[in-house]
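A.B. asks: Sequence:
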Amino acid sequence: MRFLRLAIGAWALEDAFQNSIPLLGFLGALLVIMAVMNIGCCGINRCDARLTGREKNDQKRSESDYEEIT
1 MRFLRLAIGA
11 WALEDAFQNS
21 IPLLGFLGAL
31 LVIMAVMNIG
41 CCGINRCDAR
51 LTGREKNDQK
61 RSESDYEEIT
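Everything in the sequence shown is counted per the numbering used here, starting at 1 for the first residue and increasing by one.
If you are wondering where the hints come from, they were derived from the structure by calculation, not from laboratory data.
Please note that the accuracy of each hint is not assured.
Quick list of simulated restraints, FRET-style, between CB atoms [as the list claims (entries may be wrong)]: (1) F26 / E67: 45 to 53 Å; (2) E14 / N38: 49 to 57 Å; (3) M1 / E68: 13 to 21 Å; (4) W11 / N38: 14 to 22 Å; (5) R2 / P22: 44 to 52 Å; (6) L30 / E67: 47 to 55 Å; (7) M1 / P22: 48 to 56 Å; (8) N38 / Y66: 40 to 48 Å; (9) L4 / F26: 12 to 20 Å; (10) I33 / E68: 35 to 43 Å; (11) E14 / Y66: 57 to 65 Å; (12) E68 / M37: 46 to 54 Å; (13) I69 / L6: 16 to 24 Å.
All residues carry an ideal CB built from backbone N, CA and C; glycine is no exception.
Please build the complete structure, drawing on both the sequences and the hints.
C.D. replies: Structure, rendered in structure tokens:
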């Protein structure tokens, strides 16, 4: 994903300089910075919600074991 962001960002920067489009240059720079610093839209590779201690205990209690009857 980093290489894809870097490639699209580099293309956008090149196109922005050739055609004098500042907004495209800003977006291209943003994509290049995201690729170089390895950050995404959700933070540093962290897109899931972290559970607190109480939520973890509630989740463990709600899990049930089932046995198959043949």
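A.B. asks: Are the hints correct? Go through all of them and say.
C.D. replies: A quick look at each hint next to the structure:
Distance hint for F26 and E67: a CB-CB separation of about 60 Å, inconsistent with the stated range 45 to 53 Å. Between E14 and N38 the Cβ separation comes to about 22 Å, which falls outside the hinted range of 49 to 57 Å. About 41 Å separates the C-beta atoms of M1 and E68, a value inconsistent with the hinted range of 13 to 21 Å. Between W11 and N38 the beta carbon distance is about 20 Å. The supplied range of 14 to 22 Å therefore holds.
For the hinted restraint 44 to 52 Å between R2 and P22, the CB-CB distance of approximately 25 Å leaves it violated. The hint said 47 to 55 Å for the Cβ distance between L30 and E67, and at roughly 54 Å that hint holds. Checked against the hint of 48 to 56 Å, the C-beta distance between M1 and P22 comes to roughly 26 Å, which is inconsistent with it. Taking 40 to 48 Å as the suggested C-beta distance range, the pair N38 and Y66 conforms, at roughly 42 Å.
Under the hint 12 to 20 Å, the C-beta atoms of L4 and F26, about 19 Å apart, fit the expected range. Evaluation of the 35 to 43 Å hint for I33 and E68 yields a failure: the beta carbon distance comes to about 53 Å. Between E14 and Y66 the beta carbons are some 58 Å apart, a value that agrees with the proposed interval 57 to 65 Å. Separation of E68 from M37 is about 50 Å and conforms to the stated range, judged on CB atoms against 46 to 54 Å.
The given range of 16 to 24 Å is broken by I69 and L6, whose C-beta atoms sit roughly 56 Å from each other.
Hints 1, 2, 3, 5, 7, 10 and 13 from the list above are not met by this structure, while the remaining hints are.
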